[in-house]
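J.: What follows is each chain in one-letter form.
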Amino acid sequence: MSALVLNNVRKVYQSGEDHIVALDHASLTVGAEEILALVGPSGSGKTTLLSIAGGLLSPSEGEVLVGGEAITAYSAKQLTDFRRNSVGFVFQSVNLVPFLNARENLLVVAEFSKREKKAARERAERLLDELGLGHRMNNLPGQLSGGERQRVAIGRALMNEPALVLIDEPTSALDTKLGEQVMELIVGEVKARNTAAVIVTHDQRMTHYADRTVAITDGVLAA
Amino acid sequence: MRLAVLELRRKPLRFAVVGTALWLLTVLLLFLGGLLDGLYLGSTGVLRQQDAQLLTFSSDSRTSLIRSRIDVETRQQVEAVPGVADADGLGLALVGARVPDETEPANTAVVGYETATGSVPDPPAAGTAWADRSLEANGVSVGDVLEMGPQQVPLEVVGWIEDGNYLGQSGLWVDPATWRGILASSRPDSSLPEGTFQTLAVTVADGADPDEVAAAIDAATGGLTRTVDVEAAIGSIPGIDEQASTFNQIIGTTLLVAGVVVALFFALLTLERTRLYGVFKAIGASSRQIFASVLTQSLVITAVSFVLGTLFVELAALGIPPGAVPFQLEPARILSSLALLLVVATLGSVISLRRVTRIDPASAIG
Ligand SMILES: Nc1ncnc2c1ncn2[C@@H]1O[C@H](COP(=O)(O)OP(=O)(O)OP(=O)(O)O)[C@@H](O)[C@H]1O
Ligand SMILES: [Mg+2]
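Sequence order for the protein chains is A and B.
Just so you know, we're using our numbering here: the first sequence kicks off at 1 and counts up by one.
Just so you know, we're using our numbering here: the second sequence kicks off at 1 and counts up by one.
In short, the hints are calculated from the structure, not lab data.
These numbers come from a predicted model, not from an experiment.
Among the clues, some could well be false.
[As the list claims (entries may be wrong)] In the DSBU-like style, the derived pairs of lysine-lysine whose C-alpha atoms are separated by at most 35 Å in a straight line are:
#1 A:191 <-> A:117
#2 A:77 <-> A:177
#3 A:77 <-> A:118
#4 A:118 <-> A:191
#5 B:11 <-> A:117
#6 A:118 <-> B:11
#7 A:191 <-> B:11
#8 A:114 <-> A:191
#9 A:77 <-> B:11
#10 A:77 <-> A:114
#11 A:191 <-> A:177
#12 A:117 <-> A:77
Okay, chain A solo, but in the shape it has when bound (with noise of 0.2 Å):
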């Protein structure tokens, strides 16, 4: 079964008199543990594809499933139970929780969806360690650097053991060495956990990280 689907799907904002088409009749299929890079210039509505994908928005007209389920006919109630359980979302802008250090950051999320406390601390433990950062768990993420960060925020999105992980621009804080450290750790977890995925980026150099790569201009889709 295909991880995600999109079907024609149209999306048109509104700011004032304005109509700003963001993504216009897009269709895209995401197989099961396929990896798919989205590259396209700024504003080209690659953020906007992926919050739709993940539940986020939705979309002015067309159809999205994940993991075969229709989400655009979800209730908010259920889109909640789907962004808790079955997405992980990495936001171009990380959002991490300021008061929070990197060990409850992952936590949180655990919190939310009322999982077992001690599975989720030893699953939380495991995948900062994963990510390298078995000796920053207790650290805020004003003491942690943007590359950090960012993992952490890898981590708080696979959390939930989700299907699908949507990745918003991990690299683009961060300087080429770094940033391929950043997208093979992403290419390891989720390929270790038969995840799909579906990586943003504006930068060529990192598509061939993925399985495939789409690219995006002006809210079309290009294979």
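Starting from the known structure of chain A, arrange chain B with the ligands on it as the hints suggest.
T.: Using the frame of chain A, we list chain B with the ligands on its own:
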């Protein structure tokens, strides 16, 4: 909720302002409440000590203990009413007392009574009194002989009782004859013949309905008496109800202010956290979980501020010289103030519920 409490512990300063405001409001609430209770308890001790359910006054007295007169004949009529188990005479004289080795006289309420009631034992021997412990603040010790009224009638204190005051004057509980003597010497115009009291404390027989008995008493005396329950008698002590309603209005306003403080603070905090709550929703939090954390924070801050405020008031109360201010902090007052504040904090937080519900998980992006 763990997250809410973690934030309070990690960022206590962010909550310092609202905490301080709630602390101050707690101090104000408890101070007002303690003053109200102190005034109330100090004014009503004599009546609250009555085991009897009813008090019979003369009908021309407007249920004032001081003005009322019940003579022997009336008493016999009352005692004969079916449903009356007991009718004990009660009398009062407000008299100044000279305390040995003290320059300031003490204001006392001399209570003439017939049998043990409440926590007060049977009357002591003639010429002696059980004194309310508040007289300690006036320099009185057991064994002292007080000089009562202008004619300096001697009255020896032979033991302490608690909570036996009237109208803020310290109670001296004596046998009826001693009371009558002190009353006559301090106010010759109001001296009473033997057997006459001011009021009767009527104990209703088991199974009888106090209201019916009260009506029967007043009928039996041909309307010469007016019989009310103890609570009503307390309410007709001059000033008691007015005092309570004034204080309760100020207390109500204070609670309202507390609610507004909590509402404003958390409304602003929620506004400031639109992004953070958006992130929470994006990673799977429901509005209910987020609101629960807002509510947890408001209740925890209220409770912590309340505890600190209570400690402060308790400490400050130790500094009040005894007898200077009728301040009395009762456990029931502390508990009811806490309960009211928690209710008010809950209502205040509810203002933020709508905003929390409306936060869009999409506000986490960008
Ligand atoms: N909330 C919004 N209201 C109005 N217009 C919006 C909104 N969000 C995005 N847009 C517009 O939609 C278009 C696509 O935005 P999007 O954020 O998806 O681009 P992006 O490819 O992620 O860009 P970047 O690489 O800079 O992050 C842009 O023109 C943007 O200005
Ligand atoms: Mg973007």
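J.: Can the restraint linking residue 77 (chain A) and residue 118 (chain A) be considered satisfied, given a maximum Cα separation of 35 Å?
T.: The given pair, whose Cα atoms are some 27 Å apart, holds under the 35 Å limit.
J.: Just to be careful, I want the Cα atoms of residue 118 (chain A) and residue 11 (chain B) compared with a cutoff of 35 Å; is the pair within it?
T.: holds, 26 Å
J.: Does residue 11 (chain B) lie within 35 Å of residue 191 (chain A) when you go C-alpha to C-alpha?
T.: Roughly 39 Å between the alpha carbons, so the hint for residue 191 (chain A) and residue 11 (chain B) is violated.
J.: Would you check the hint for residue 77 (chain A) and residue 114 (chain A), treating anything up to 35 Å between C-alpha atoms as holding?
T.: With a Cα-Cα distance of about 16 Å, the restraint between residue 77 (chain A) and residue 114 (chain A) holds, given a limit of 35 Å.
J.: Take the C-alpha atoms of residue 118 (chain A) and residue 191 (chain A), compute the straight-line distance between them, and say whether it is at most 35 Å.
T.: holds, 25 Å
J.: Residue 114 (chain A) and residue 191 (chain A) were given as a pair; does the straight-line alpha-carbon distance stay at or below 35 Å?
T.: Judged against 35 Å, a Cα distance of about 26 Å means the pair holds.
J.: Holds or violated: residue 117 (chain A) and residue 77 (chain A), Cα atoms, limit 35 Å.
T.: holds, 24 Å
J.: Does residue 117 (chain A) lie within 35 Å of residue 191 (chain A) when you go C-alpha to C-alpha?
T.: holds, 26 Å
J.: Hinted pair, alpha-carbon criterion (35 Å max): residue 77 (chain A), residue 177 (chain A). Please report holds or violated.
T.: violated, 42 Å
J.: For residue 11 (chain B) and residue 117 (chain A), compute the direct alpha-carbon distance and say whether it is at most 35 Å.
T.: Holds, at about 24 Å.
J.: Would the pair residue 77 (chain A) and residue 11 (chain B) pass a check requiring their Cα atoms to be no farther apart than 35 Å?
T.: holds, 31 Å
J.: Quick one, are residue 191 (chain A) and residue 177 (chain A) close enough, alpha carbons at most 35 Å?
T.: Roughly 21 Å between the alpha carbons, so the hint for residue 191 (chain A) and residue 177 (chain A) holds.
Consistency note: the structure conflicts with the earlier hints numbered 2 and 7.
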